[in-house]
Every structure is written in C-alpha cells, then in structure tokens.
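Q: Taken in sequence, the protein lines are chains A and B.
Quick note, the first sequence lines up with residues 24 to 255 if you use the working numbering.
Quick note, the second sequence lines up with residues 4 to 199 if you use the working numbering.
Honestly, the hints are just simulated from the structure, not real lab data.
Glycine included, each C-beta is placed from N, C-alpha and C at the ideal position.
Please note that a few of the clues may not be correct.
Sample of chain B residues at the chain A side, in silico, Cβ under 8 Å [claimed, not checked]:
hint	residue
1	D25
2	L68
3	E73
4	G82
5	L154
6	S161
7	D172
8	S175
9	M192
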Amino acid sequence: MTPERYTPDEFARLMALPDGHPDRQSAEQSAQFRAWRLMLREFEQPEAALASPSELESAAREVEARVARALTARAAAGAEAPRHRTVPHRALVASLVAWFRRPAMRPALAVVAVVLVAGVALWSSTRGPATRAVRGPSEASSFVLNAPRAVPGGIELTWTPVPDAEAYRVVFYGTDLQESARVDGLTRPGLLLHADALPAGLPHGGHVMAEVTALRHGDPIVTSASRLVRLP
Amino acid sequence: MSKPPHSDSASDEELVREYQDDSDGPRGRAAAEALVSRWSARAFAWAYRVVREREQAMDLAQDALLQMYEALPRYEARGRFPAWIFTIVHNRCMSAVRRRPLTRDPELDTDELAARDPGPDEWFEGTEQRGRLTEAMQNDLDTNERAAIWLRVCEEMSVEDITRLLGLDGASGARGVLQSARRKLRAAMTRAAGDA
Numbered sequence: 024m025t026p027e028r029y030t031p032d033e034f035a036r037l038m039a040l041p042d043g044h045p046d047r048q049s050a051e052q053s054a055q056f057r058a059w060r061l062m063l064r065e066f067e068q069p070e071a072a073l074a075s076p077s078e079l080e081s082a083a084r085e086v087e088a089r090v091a092r093a094l095t096a097r098a099a100a101g102a103e104a105p106r107h108r109t110v111p112h113r114a115l116v117a118s119l120v121a122w123f124r125r126p127a128m129r130p131a132l133a134v135v136a137v138v139l140v141a142g143v144a145l146w147s148s149t150r151g152p153a154t155r156a157v158r159g160p161s162e163a164s165s166f167v168l169n170a171p172r173a174v175p176g177g178i179e180l181t182w183t184p185v186p187d188a189e190a191y192r193v194v195f196y197g198t199d200l201q202e203s204a205r206v207d208g209l210t211r212p213g214l215l216l217h218a219d220a221l222p223a224g225l226p227h228g229g230h231v232m233a234e235v236t237a238l239r240h241g242d243p244i245v246t247s248a249s250r251l252v253r254l255p
Numbered sequence: 004m005s006k007p008p009h010s011d012s013a014s015d016e017e018l019v020r021e022y023q024d025d026s027d028g029p030r031g032r033a034a035a036e037a038l039v040s041r042w043s044a045r046a047f048a049w050a051y052r053v054v055r056e057r058e059q060a061m062d063l064a065q066d067a068l069l070q071m072y073e074a075l076p077r078y079e080a081r082g083r084f085p086a087w088i089f090t091i092v093h094n095r096c097m098s099a100v101r102r103r104p105l106t107r108d109p110e111l112d113t114d115e116l117a118a119r120d121p122g123p124d125e126w127f128e129g130t131e132q133r134g135r136l137t138e139a140m141q142n143d144l145d146t147n148e149r150a151a152i153w154l155r156v157c158e159e160m161s162v163e164d165i166t167r168l169l170g171l172d173g174a175s176g177a178r179g180v181l182q183s184a185r186r187k188l189r190a191a192m193t194r195a196a197g198d199a
C-alpha cells in the first residue's frame with residue numbers, strides 16, 4: 024500500500040493557516056491531516072520516545088556529529104565535481120517511451136507482459152527457497168558506500184565488497200525523499216556515473232541520497248547507510 | 004559545531020533566513036548547523052519510534068537532517084517550520100520501513116485489525132477501491148476513527164502509540180476504536196459492492 028504523502032511544503036503551509044481558512048477547514052476533514060497533526064504534536068515532544076533523557080541527548084549529539092562529518096565530506100566532494108554536460112540520451116528515451124505508448128502497440132505489449140509473467144512464474148518454481156538474510160549491526164556497519172570519487176567525465180561510487188553477494192543495487196533518492204532512480208544487476212562493487220549518461224531521473228549537478236544493497240538470489244543481504252552524492 | 008550569534012534565541016525561520024542570505028559563507032553554515040543541533044533529538048526520537056532500533060534510527064535521523072540541509076535554500080517562510088521538518092523526517096522513516104518487510108510490523112500476527120481479510124490495507128490497493136474507502140471513511144467514521152485507521156494502516160503505527168496519540172484512556176484504547184472503525188468500513192464496502 025502506498026498512500027500519497029504530504030510534501031514538506033504542503034504540510035507546513037496547511038499547519039500555518041488559521042483555523043478558519045478554507046484550505047485548513049478542508050484539510051481538517053481528512054483522516055490523513057488529523058493523523059499527521061497528532062503525529063506532529065508527538066514529534067515535538069521527543070522525551071516521550073525514550074526512557075532515558077541522557078540516552079536521547081547522547082544519540083542526538085551523535086547524529087549531529089555525523090551530519091557535520093557528512094557535510095564536510097560533501098563540501099570536499101563538491102569542490103572536485105566535474106561540470107555539467109548535455110544529455111542526448113534523454114531525448115532518445117522520451118521518444119522510445121512515446122513510441123511504446125501508441126495504441127497500436129498495446130496488443131504487442133500485452134503479449135510481452137503475459138510472456139514475462141509466465142517466465143517469472145517458471146523461474147520462481149524452479150528456483151530453490153531463498154535464504155533471506157536480515158541486516159545485522161556488525162554486518163551493516165562494515166558495509167560502506169564510500170565517498171564519490173571524481174573520474175574523467177563523471178564520478179565513481181564504490182563500496183565494500185560482500186563475499187556472498189551475487190549482485191548489487193544502487194538506489195537514489197531525491198530531495199522529496201522519493202526514489203529518483205535505481206541501477207540493478209551490478210556485479211562489481213562500483214558504479215560509474217558519467218555526466219553524459221546518467222540514469223533517467225537523476226538531475227545533472229544535483230544532490231541525491233544514494234544507498235547500495237548487496238543481493239543474493241535477488242534477496243537483500245545488507246544495505247549501506249545513505250550517502251549524499253553530488254551528481255556530475 | 005560553532006553557533007551563529009543569538010542562535011539559541013533565534014526562531015527557526017530566522018535561522019533559515021540567515022542560511023539563505025549566506026548559504027556559502029560561515030554565517031549561513033553556522034545557522035544551518037544550529038538548526039541541525041536544534042532538531043537532531045526530535046529527528047532521532049521520531050526515527051526511533053518508527054524503527055525501534057538505535058543504530059538505524061541514527062542513520063535515518065542523519066539522512067533526514069541532511070535532506071533538510073539540502074532543502075533549506077528552497078524553504079518558504081509561509082509554512083510552519085516544525086511541520087516542514089517533521090514531514091521530511093517522517094517520510095524518510097516510512098520509506099525505510101517499507102523496504103524492510105521482515106520486521107515491518109511485529110504486531111501484525113497478533114493484531115485482530117490486520118488478521119482478517121479483506122481489510123483496509125487491501126482496500127487501499129486499487130484505485131476504485133481506494134476511492135470507495137476514502138468516501139466511506141469520510142461518511143461513516145467519526146474523526147477519531149478516521150485518524151486511528153489512517154495511523155494504523157498508512158503510517159503503520161502500533162496500537163499502543165495510537166492510543167497515546169489519540170489520548171484514549173479506556174480499557175481497550177485504540178484497539179476498540181480500530182475494531183469499531185473496521186466494522187463500519189466493512190459494512191460500507193459491502194453496501195458499495197452491492198450497489199455496484
């Protein structure tokens with residue numbers, strides 16, 4: 024289930040409106056707004072979340088220190104980032120999408136979909152039971168997405184190799200915290216991002232959060248902490 | 004972290020303005036750091052509430068605060084800042100929870116609300132069903148029931164947390180409200196299916 028969520032600007036605007044404002048009155052009728060208003064009240068009282076105030080204080084200071092370190096690293100990476108370039112592949116992708124959306128393509132796409140579903144079902148039935156591993160603290164902390172390295176024409180993301188991994192997946196999140204793009208099926212612990220061939224959905228020169236997941240039989244073994252990345 | 008002058012007494016909006024006026028300079032950076040410092044406990048506490056695991060909560064709080072930092076240049080002062088940062092933190096937490104299906108909802112097996120099918124969670128899946136459910140929530144539930152169902156189904160909140168949030172002090176707490184809401188929604192959905 025994926026309910027639509029408020030954006031930060033939208034919820035902040037609604038909360039700033041006086042009670043009598045039509046938009047606020049309309050929002051008050053919705054279950055989501057009332058639920059979020061209650062959650063916000065709870066959010067503003069952090070002491071209730073943990074039994075010990077000192078534990079909360081020490082965790083907060085640790086978070087603050089991590090953010091400071093990340094910002095310092097970002098500043099260093101930003102200084103090395105290459106300049107923007109044009110994106111010829113975007114137009115090609117857009118024209119391909121438009122071509123596939125033509126009504127005449129629908130029967131063919133339906134056949135392709137049936138074949139794909141049948142293929143996946145067959146594959147699933149012949150495949151042994153998945154050994155799903157859950158991220159443990161020690162494993163997770165040793166699996167690190169490194170700071171991006173500038174290379175000619177772009178940047179390179181690298182991460183700690185995981186011995187049992189068969190593939191890696193890198194997922195990028197935009198400033199709205201929604202997924203912007205993902206790159207699947209990587210067999211080596213690295214990903215080159217060239218300025219002239221960025222995955223669709225990634226903004227040139229923008230900042231995104233990236234995280235990498237190691238996979239075995241298609242199941243996640245471990246996921247790295249997110250890292251802020253400035254795109255070429 | 005170094006703090007800008009008067010950072011303790013400055014409002015959130017004043018700190019944002021200071022950052023926006025000097026985003027590449029030391030004053031701007033100090034203002035942003037003051038905001039991070041001011042909101043780090045709340046961000047961590049909320050993340051901890053959602054994931055119940057200290058290390059992951061710190062990761063999520065860090066991500067959310069970095070996200071805040073990134074979004075500061077576009078922040079518009081017409082909104083309420085705590086609501087703005089809360090949305091960033093909560094959305095980040097919920098996207099992490101959704102990608103962790105094995106530990107997503109430890110109460111699911113024992114909670115009567117989610118034990119039977121079809122339930123509100125399934126009803127949210129299809130566009131048509133979702134429309135009917137939204138209408139039924141609006142017409143058939145009172146404000147507490149609406150909020151309780153939303154918190155449980157869409158925000159994946161525990162029954163205990165919902166009880167506290169709604170300020171319920173009865174013996175059954177939110178469980179009673181949720182069961183009543185579920186019964187009403189089931190009846191409304193059955194009616195709607197019969198009419199169709």
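Q: Hint by hint, say whether it matches the structure.
A: Against the structure, the hints:
1. D25: For D25(B), the interface hint is violated, since the closest Cβ of chain A sits about 15 Å away, which is over 8 Å.
2. L68: 5 Å, holds
3. E73: Holds, about 5 Å.
4. G82: 3 Å, holds
5. L154: Cβ of L154(B) sits 5 Å from chain A, so the hint holds.
6. S161: Where the cut-off is 8 Å and the nearest Cβ of chain A is about 12 Å from S161(B), the hint is violated.
7. D172: 15 Å, violated
8. S175: 19 Å, violated
9. M192: Nearest chain A Cβ about 16 Å off; hint violated.
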